[in-house]
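> Please arrange chain L on chain V, whose structure you already have, making use of the hints.
Just so you know, the protein sequences line up as chains V and L, in that order.
Per the numbering used here, the very first residue in the first sequence carries number 1437; after that it's consecutive.
Per the numbering used here, the very first residue in the second sequence carries number 6; after that it's consecutive.
No lab work stands behind these hints: they were computed from the structure.
Hints may contain errors.
[Stated by the list, open to error] Subject to a maximum C-alpha distance of 30 angstroms in a straight line, what follows is the list of computed DSSO-like cross-link-like pairs (lysine-lysine):
1) L:Lys136 x V:Lys1517
2) V:Lys1517 x L:Lys162
3) V:Lys1486 x V:Lys1740
[To be verified] Not close to chain V: a few residues of chain L, all C-beta gaps over 10 angstroms, as computed:
4) Ala125
5) Glu176
6) Gly226
7) Gln231
In this text, a Cβ means the ideal position worked out from N, Cα and C, and glycines have one as well.
Okay, here's what each chain looks like letter by letter:
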Amino acid sequence: MYGGGYIQDDDIKQPSNGQEDPRLLAEFEARINAGEKIEPDDWMPAEYRKQLIRMIEQHAHSEIIGALPEGTWITRAPGFKRKMALMAKVQDEIGHAQLLYSAAETLGKPREEMINDLLSGKSKYSNVFNYPTPTWADSCIITWLIDAAAIVNQVINSKGSYGPYCRALERICYEESFHLKLGHDCIVELATGTPAQRKLVQAALERWWKPIIHFFGPPDKTSVHSEKLMRWKVKMASNDDMRNQYLSTYVPKIKELGLVIPDPDLKKDEATGSWTYSDPDWDEFFRVINGDGPCNEERLAVRKWAEDNGKWVRNALQKASDKYVVPLA
Amino acid sequence: MNAIKDLILKMADDALIIGHRNSEWTGLGPTLEEDISFSSIAQDKLGHALQLYTILHEDHEEQNPDLLAFTRKAEDFRCCQYVEMPIGAYDFSLIRQFLFDHAEYNRYQMLSNSSNNRLAALSQKIKGEIKYHVLHADTWVIQLGNGTTESHDRLQKALTDSMPLALGIFEKSAFEAELIRNNIFEGEDALRERWLGSITPILQKAGLELPDISTIEPAYGGRKGQHTGHLKPLLDEMGEVLNTDPTASW
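Here chain V stands alone, though its shape is the one from the complex (with noise of 0.2 angstroms):
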C-alpha cells in the first residue's frame, strides 16, 4: 500500500530562504533536468532535504499505521487461502515501512525520531488510514482500491530525482502490484457471490468512496503548489492528475462487477479526461487530518502500546559502543 496519497501542503508553501550557493544550486538543478538521480552523499539543498525526509517518513508512517485497518481481519480473514495472503499482505506492508524509514534516514534523520514525529502529532499519515473497516468486506476494499491509488501515487513517485527513494517506490510497486490482484480477487468473489455477499461488499465501497476521492488531496484549483517542488521533481504531479488518472482505470473496472459507486454526479470530460464529482466534504478532510477522525486516536494508541512495549527490547539491543551508522539505500 499505502503511502502515498496526499498529507500535508503546509510547508510547501513557506518560501526557501535563498541562502543557498548559486553556482552548486545550478550544477544541482542541472542534473535533475538530465535527468540524473540524487544520491544521499551529493550535494543538495536545505529544502530539498528537508521536503524529502518529510514526504518519505510520511509514506512510510502511512505504511506501519496502514498495516493496522487490516491486520485486524488476519485473524478473521475465511479460510486457508485468504488468511495466509492477507498474511503476507500486510507484511509486505511493514516491509516497506522498514525500506522507507531507511531511504529518509539516508537523508540524515533516524527512524526513532520519525516515530516519535508520528506519536506526537508532529509528523501525519494517510488520511484514509482513519477510517474504520468494520467488515471483511471494507479489509477488501483497501487491498483493491486503496492499494490502486498508492500504486497512480507511487509509480509516479518514483521517477522522481532521489535516488533511494525511487530505488524503494520500485521494490513498493512490484509488490503491490500483487496485492491489487489478491484485493480484486477478494472483491470479484463477493461481488459474484451470494446475495449477502454481494451487499456486504456495496456497503463497503459506500463508505470508502468518500475517502477514496479524498486520497489524493483536495482539488488543483485550492491547493498551493510549490513551483520548485516540481522543478526538483519532489512532487511529480498534481492532486488532481492522479485522481483522474485513478478514476479513469478504475471506475469501469468498479462497474464492471456490478457495483454502484454512491455518486450520481460522478462523470467524465471525455474531451479533456477530468472527471467530475460530488462536493466529497473537504471540511472533513481537513478535520480528520487534523486529528478529528473516527480512528485517529485508536490507530496512534495501538502504535504507542508498540512502542511502549517494545522499548525493553530495543533497549537490550543497544551497546553503548555502537556508532549511528546511516543505511545503504
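Chain L in isolation, oriented as in the chain V frame:
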C-alpha cells in the same frame, strides 16, 4: 479416531493455533524487523497446518482443510494448551516460540523417518522450514538473555512461568504405544528428551536457568480436547466471517 489420524490432527491443530497467535504480532512487534519475522513464521505454520489437514482430508475421509480449521468446536481440537495462550508481552511470545519450535523441529526430524511415507516426506520438508524458526528464536534468546538486566529478567520469568505449559506439549495420546510399535513415531517421552538436549545449551549461552522440570506439573489436557478458556474466543474470531456462510466461496 485412529493412531495416525490422532497424531496428524494434534500436529495440525498446534500449527494452526500457534500460527494464528504469532500473526497477532502483525503491526505490534518491538521492531519492524521482528514484526516481519513473526509474520513469516506465522505464515509457515499456517502452511504446515494446511498440508497436514490436507492429508487428513485426502487419506482419512475428513472434511476439507477450511472446514476442519474454521468450523470445529474447541473440544474437538487436539492442540496443546501452550499454543492457545494469548500472545502476552513479547518475552512470553519469544520464549514460547523458542520452546515450542525446538519441540517442533525435533518432532518433524523424528517423523522424517516415520514408517508412514506421506508423513515422512512432509516432515522432511517442514523440518527445513522450522530450522529457520529455531535459528530466529535462538538468536533472540541469546541476545536478550545477555542484553540488559531487564531483558534477562523478563526472559527468565517468562521461561519459568511457561514451563508447565511447555511440558504440556509432550502429553501422550491414547495411541502412544501403537505409534511406537508401528514405527510411526518414537513417542512423546523420546521427543521430550531430545527437546531438553536442544534447548539446554542455548539457555546456557543466554545465561538463563532451566527450572527443575521434575518438580513441575505439566499442563495436560489439550490432547484430549480439554482446553483453557482462551481457545474458544480464538476460534470464534477465526471463524467469524467464514461461519456466516460456510458453504459460500470467499
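> Taking the numbered hints from earlier one at a time, note which ones the structure violates and give those numbers from smallest to largest.
2
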